[in-house]
Amino acid sequence: MGGFFKSSIGRKVAMALSAFFLMFFLIIHLAVNITSLFSEGVFNELSHFMGTNPLVQFALQPVLIFGVVFHFVMGFVLELKNKKANGVKYAKNNGAANSTWMSRNMIYSGLAILAFIVLHFIDFWFPEINTKYIQGDMSGMHDGSFRYFHELQHKFLSPARVGAYVVAFILLALHLLHGFTSAFQSMGVTAGRKKALQTFGKIYSIVIPLGFIIIALYHHLNH
Amino acid sequence: MALDSKVPKGPIKDKWTDYKNHIDLVNPANKRHIDIIVVGTGLAGGSAAATLAELGYNVKAFAYQDSPRRAHSIAAQGGINAAKNYQGDGDSTYRLFYDTVKGGDYRSREANVHRLAEVSGNIIDQCVAQGVPFARDYGGLLDNRSFGGVLVSRTFYAKGQTGQQLLLGAYSAMNRQIARGKIEMFNRHEMLDVVKVDGKARGIIARNLITGEIERHSAHAVVIATGGYGNVYFLSTNAMGSNATAAWKIHKKGAYFANPCYTQIHPTCIPRSGDYQSKLTLMSESLRNDGRIWVPAKIEDAQAIQQGKLKPTDLAEEDRDYYLERRYPAFGNLVPRDVASRAAKERCDAGYGVNATGEAVYLDFAAAIQRYGKEQAKIQNIDNPSEGKIYELGQAIVEAKYGNLFQMYEKIVDENPYKTPMMIYPATHYTMGGVWVDYNLMTTVEGLYCIGEANFSDHGANRLGASALMQGLADGYFVLPYTIGDYLSDDIRTGKIPTDTKEFDEAEKEVKGRIDFFINNNGTKSVDHFHKRLGKVMWDKVGMARNEKGLKEAMAEIKAIREEFWKEVKVPGSADEMNTELEKAGRVADFLELGELFAKDALVREESCGGHFREESVELDGPQKGEAKRNDKDFAFVSAWEYKGEPADAVLHKEELEFNDIELKQRSYK
Amino acid sequence: MNLTLKIWRQKDSNAKGQMVDYKVTDISEHMSFLEMMDVLNEQLVNAGEEPVAFDHDCREGICGMCSMYINGEAHGPDRGITTCQLHMRMFNDGDTITIEPFRAAAFPVIKDLVVDRMAFERIQQAGGYISVNTSGNTQDANSLPISKHAADEAMDAATCIGCGACVATCKNSSAMLFVGAKVSQYALLPQGQVEAADRVKNMVAQMDLEGFGNCTNTGACEVECPKGISLENIARMNRELMKANIS
Ligand SMILES: Cc1cc2nc3c(=O)[nH]c(=O)nc-3n(C[C@H](O)[C@H](O)[C@H](O)COP(=O)(O)OP(=O)(O)OC[C@H]3O[C@@H](n4cnc5c(N)ncnc54)[C@H](O)[C@@H]3O)c2cc1C
Ligand code: HEM
Ligand code: SF4
Ligand code: FES
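Residue numbers (the numbering used here), protein chains in the order written: chain D, 1 to 223; chain S, 1001 to 1670; chain A, 2001 to 2247.
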């Protein structure tokens, strides 16, 4: 099995597995965030649970971080290998004739997402870690109530940040428009080419990023 | 030297079995010490190389393409015959044997053909075991189709790509042996001469087509499997690189060349569209099952069509001349290939051709579309179907049967054959003639074998559809591996053949001398220029219909072109690099000699038989008036030519053909 | 029509190549692309220059020898065809046509437009066969019924002509369509089962060793493949490799 993951196809499979994990995570993340549109209370409860539950914090979170890191590191590794396989560049190459822009630019949409993830860490995650583990405040409270919703609203005050957020999620949509079916194909799932799955993939790739964008805009405008 | 066909004694059906029971074998340990060179890795050479390597011999295989998978066998479309009788329609070894001898117009060697029929079934078994995806019916068993000239369904096929699939099968068997180190494959290598030591073939001189290096390769036996020489006509359905060089070079070293004039001109090819044409494309023979062939009945209409002023669909039924149906009411559009080809030529020569070059006839599916449409309407219970509906239903059936061919036609000609009739014209397709071999497939040079289309083969004066693939694989998988063992059993103590001997020196010197000549010659005309001129003479005077005057002229003209070639040919570049013009020059030089011998052979054979039609030898009266007339009394022999310098000086040796098991009859399609 | 051609010229594998401009005139729209190249070469030979070397043989789309990258696409702008089946009616008078060899690190240029595709050979040698010796006693062909569906699907995979357009067109220079097709042909047939696991492992290992890139499922190969080999074959190969490693 060790040899398998060293082979080109094994790496594809690993890439797809990490991508599946990330796509699943996105659903959860969106589900939590979306509550902020309806109910400050529910959002705060969920955020607190996620932020303090040891299972989430010490089991799922490292896995998630590993998943993200693995995914982009593997993405870079494969990209480099593929570039090396190219040899001399074509003087004229009409890629648009036979493939989508999304499929040809996964590395760039991926890089944009990575940049966003870094920003996201600086914005939300580092302060969280700081509050919880460095300052040791696990209460999740600020001025007598849960702090999560307010922090969220506060972050989306800046139009520049919201702009970056929107752009990143558009790129995520593009990433997923190719990535979703691609991951199934990599796993050898024939249905990856079938209509229903493709349609579902399109819906997923648009709805999930759109959800995040709406949340950002909502809080930006409703403040 | 008297020709000895070495046909074993005994009843025809036991000859091959008895032969195999009595030949000498080489024990497995000794095979390791024996080298065999196989030149050409198409169906014949590929299957031979793989099988010999499986047996334990060390095989060196050569091909001019970059992979064995690209040999021209890949282009065969229709299918492969085998006497399996899976359809229960009364097929048998005898029937396949009989059909092949009769189809060849009684000019083949009975014993060889019978052996071919005997092993035909094994070929299918072997190919299926290799994973060749033949067409199957819904029950999962193998499907068959029927082909021209026979009354049973014995043709196995893989869509329209039977040759490809069979070749990929042989190629896979080769790959297994290459991986084992038992075959050393020399891709992009061209054999330029054979080396004889003490009268035996002991090696070859080959040019590495990438580096230009001239290499010596030695072996205990040499097998030539380099395909046919149809490109002597310049335009043919052969690949651009198909050539006669290997066969011609061994001819010059003592191998007799048999029946060069037996060439098959296939009636349904896409016509030439202009002078730039580089090759012709075959449209499967199966189209004649449903297409009706015609030209305009009136010369004015034909001329108007040639000038583009009239469309075929404008012509009324009575203004069309369905000349095959008119001349051959019994067989109609399904007459054999040679008959259909000559009839098309006759109409076009008379001025009735239907494209700008005047060399095309129509193959019309309108009637078939109507017929199928009405049939379908009945089946689907549609009362009073409209014309449009009938057309739609009919077109669907035609599409299901021939869709891929129609599409191929449309890509090349840019016309929709569902709407306007297809244009077709005969083209050179297959050469029945070739290097003379005995029952063992050995040429007149000891230790030098020839298999596949390159030998004079089992097809007599005309080959039936789907029989070339059968012959190539029979030779390579099931015949040569036995017969060559009988010869090599004497060589177990010979040891490696050294290449630093004077025989190799001389052969190499000769090859290099010729290459240097081409590179240094201060000529003014390209190789293609000469090849096209040769092709024109061959087509006009040694083509579908031949006569004494034309053949004599052709011999003189070809000689003149050859002489001019050696003065004026121009080859740019150098000898020590990839040089495609140099490759072509060598091949055309050989065609220029072969062409003349071809015409000479046609001149000597004063009868019409199979693909060889002499205008002087036709039925003069009776119902067969004007049809080809064979002359069994004077010409029931194989012409085997011995090289004596100039092609015109070649000496004829006759192998008399005896027919003990089949009665000779006149072919009639009226 | 009159055309300007920009063609890659390279003396041999070690030389540095470059694009060179040529003009051809009076090209008929009925010519095939390679016949147009013949016209150019005849012109070059008559001028005492070296003609452009390019691979070709059957000129009817089946041998897989021809291999040009024309105006940024493998086998040119038309679909479902090889270079030799491309016709000049796809172009217009006055066009400039860029002609390059198939590019990939695993396909080094031999000369001009001729590339070395021996990597494909070695992949086939690594397992592209069923180990059965030739003998007159192989079991009868009909003793092993194979469903028509499987046979047809195997046939579809088997129609690959080994041209390398999939590699040439792939932004990753991946050979997975080619290898997938061969693995699939045997995976679909009962005869291929015995060696299935070793076959897919060995062929993929050889493919990786040759330095082909990694498939990212862009699907460009399927679009440019002259024989319409389906991406399905890559999915099947992925499955086969997983299966081979699990069992
Ligand atoms: C378009 C077309 C359709 C056909 N359809 C059918 C059909 O349906 N059924 C049927 O039975 N037959 C058919 N035939 C005939 C049949 O395909 C051929 O007769 C047969 O495949 C020839 O096989 P071969 O192995 O003898 O030669 P080829 O397949 O031609 O192989 C020749 C080999 O020799 C090599 N070679 C040649 N010269 C040299 C040299 N000087 N040095 C080194 N190597 C050399 C080549 O590289 C190649 O490997 C068809 C032929 C054509 C052209
Ligand atoms: C939440 C974030 C992300 C999600 C949901 C995601 C999702 C996906 C999916 C589904 C695939 C297809 C996998 C396959 O074809 O097998 C993919 C491929 C890819 N991803 Fe991401 N991705 C994310 C982040 C990133 C990041 C940060 C990078 C950084 C560079 C990146 C780079 C790539 C690349 C290069 C590929 C193509 C590689 C291949 O298909 O083999 N992705 N991604
Ligand atoms: S898969 Fe298609 S493009 Fe690739 S080598 Fe085969 S035929 Fe050519
Ligand atoms: S030359 Fe054979 S496929 Fe193009």
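Honestly, the hints are just simulated from the structure, not real lab data.
No experiment lies behind these values; they were computed from the predicted model shown.
Certain hints may be false.
Stated by the list, open to error - A partial selection of chain S residues facing chain A, derived with a Cβ cut-off under 8 angstroms: (1) Ala1050; (2) Thr1051; (3) Gln1065; (4) Asn1122; (5) Pro1133; (6) Asn1175; (7) Ala1179; (8) Asp1528; (9) Thr1580.
Cβ coordinates follow ideal geometry from the N, Cα and C atoms, glycine included.
How the hints compare with the structure:
no. : hint    : in the structure
1   : Ala1050 : 7 angstroms, holds
2   : Thr1051 : 4 angstroms, holds
3   : Gln1065 : 6 angstroms, holds
4   : Asn1122 : 5 angstroms, holds
5   : Pro1133 : 4 angstroms, holds
6   : Asn1175 : 5 angstroms, holds
7   : Ala1179 : 4 angstroms, holds
8   : Asp1528 : 6 angstroms, holds
9   : Thr1580 : 6 angstroms, holds
In summary, this structure violates none of the numbered hints.
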